[in-house]
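Residue numbers (my numbering), protein chains in the order written: chain A, 1 to 136; chain B, 1 to 134.
Quick caveat, the hints were computed from the structure, so don't treat them as lab data.
Note that the structure is a prediction, hence the values are computed from the model and not measured.
These stretches of chain B come out as covered by chain A in the derived footprint (C-beta under 8 angstroms, 3 or more residues):
#: 1; segment: 23–36
#: 2; segment: 104–115
Lysine-lysine pairs mimicking BS3-like chemistry, simulated, CA-CA at most 27 angstroms apart:
#: 3; chain 1: B; residue 1: K126; chain 2: B; residue 2: K94
#: 4; chain 1: A; residue 1: K38; chain 2: A; residue 2: K74
#: 5; chain 1: A; residue 1: K55; chain 2: A; residue 2: K74
#: 6; chain 1: B; residue 1: K38; chain 2: A; residue 2: K38
#: 7; chain 1: A; residue 1: K38; chain 2: A; residue 2: K55
#: 8; chain 1: A; residue 1: K74; chain 2: B; residue 2: K38
#: 9; chain 1: B; residue 1: K38; chain 2: A; residue 2: K55
#: 10; chain 1: B; residue 1: K126; chain 2: A; residue 2: K55
#: 11; chain 1: B; residue 1: K38; chain 2: B; residue 2: K126
Ideal Cβ positions, reconstructed from N, Cα and C, are used throughout, including at glycine.
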Amino acid sequence: MPRRRASEEDETEINITPMLDIVFIMLIFFIVTTSFVKETGINPRRPAAQTAEEKPRGNILVGISEAGQIWMNKRPVELGQVRALVEAALAENPESSAVIIADEESAAGVLIDLMDQIRLGGVYNISVAAEQAAAG
Amino acid sequence: MRKRRSRADDETEINITPLLDIVFIMLIFFIVTTSFVKEFGVDVSRPSRAPVKEQKQSEIIAVRIDENDQIFVQNRMVDVRAVRANIESGLANKPDASVVVVAHRQADAGLLVRVIDQARVAGAEKVSLAAQAR
Numbered sequence: 001m002p003r004r005r006a007s008e009e010d011e012t013e014i015n016i017t018p019m020l021d022i023v024f025i026m027l028i029f030f031i032v033t034t035s036f037v038k039e040t041g042i043n044p045r046r047p048a049a050q051t052a053e054e055k056p057r058g059n060i061l062v063g064i065s066e067a068g069q070i071w072m073n074k075r076p077v078e079l080g081q082v083r084a085l086v087e088a089a090l091a092e093n094p095e096s097s098a099v100i101i102a103d104e105e106s107a108a109g110v111l112i113d114l115m116d117q118i119r120l121g122g123v124y125n126i127s128v129a130a131e132q133a134a135a136g
Numbered sequence: 001m002r003k004r005r006s007r008a009d010d011e012t013e014i015n016i017t018p019l020l021d022i023v024f025i026m027l028i029f030f031i032v033t034t035s036f037v038k039e040f041g042v043d044v045s046r047p048s049r050a051p052v053k054e055q056k057q058s059e060i061i062a063v064r065i066d067e068n069d070q071i072f073v074q075n076r077m078v079d080v081r082a083v084r085a086n087i088e089s090g091l092a093n094k095p096d097a098s099v100v101v102v103a104h105r106q107a108d109a110g111l112l113v114r115v116i117d118q119a120r121v122a123g124a125e126k127v128s129l130a131a132q133a134r
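The shape of chain A in the complex, shown without the other chains (with noise of 0.2 angstroms):
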């Protein structure tokens, strides 16, 4: 090893060009994949559900506790603030969709009020969260 260092060291420098190829591409990759998924704070039980499709652009997601407080950004909300929030979303992403995590116990008169507020914040692709359960 020494003996290869010292022959080197004139001259010669590591070729980092394909270093950087790589490290442009990753780049790249993260800047498109990243969403900016707010999470809601807490984790619902949620029902299952055979037609449950994945949601990549799901990136509004509210949740519902099992008592029926509306969860966005890590924090209870009132219902009224709701709107507020999903138009302050879609303008930093106006591709984004919403995605509601009901929990299974939850009264679904306070889902339905919410689908209406998400409407009314001008996001009209709103789907509820569901886990994949086997179709049979």
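Fit chain B to the given chain A structure using the hints.
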């Protein structure tokens, strides 16, 4: 331009070290902030009030969930596991019918999702959601 270029041509190179610093910092930032949270969900359409009224009663398969989590398909009380078969037979009679789930405000959201899922399994393309008036 030309003069400068010919002068720089012989030995000097552009110093790319600051560019590399920035690229690495951006790379690290994006690696750290990327979260691959992917939710799985069921699409639900929530129509505004106007088109629902226009829809003819005969083209709707109504599924009602009352406050005690009992399910009624076309006013017949059924179990959650029988929802799929009931909607399938309803769709066989009326192929253009759309399924409307009317949930009581106190019904479980989980049951609502399960009924919507069963309706979609039964072949209903559009499942819409309606709330019972308070």
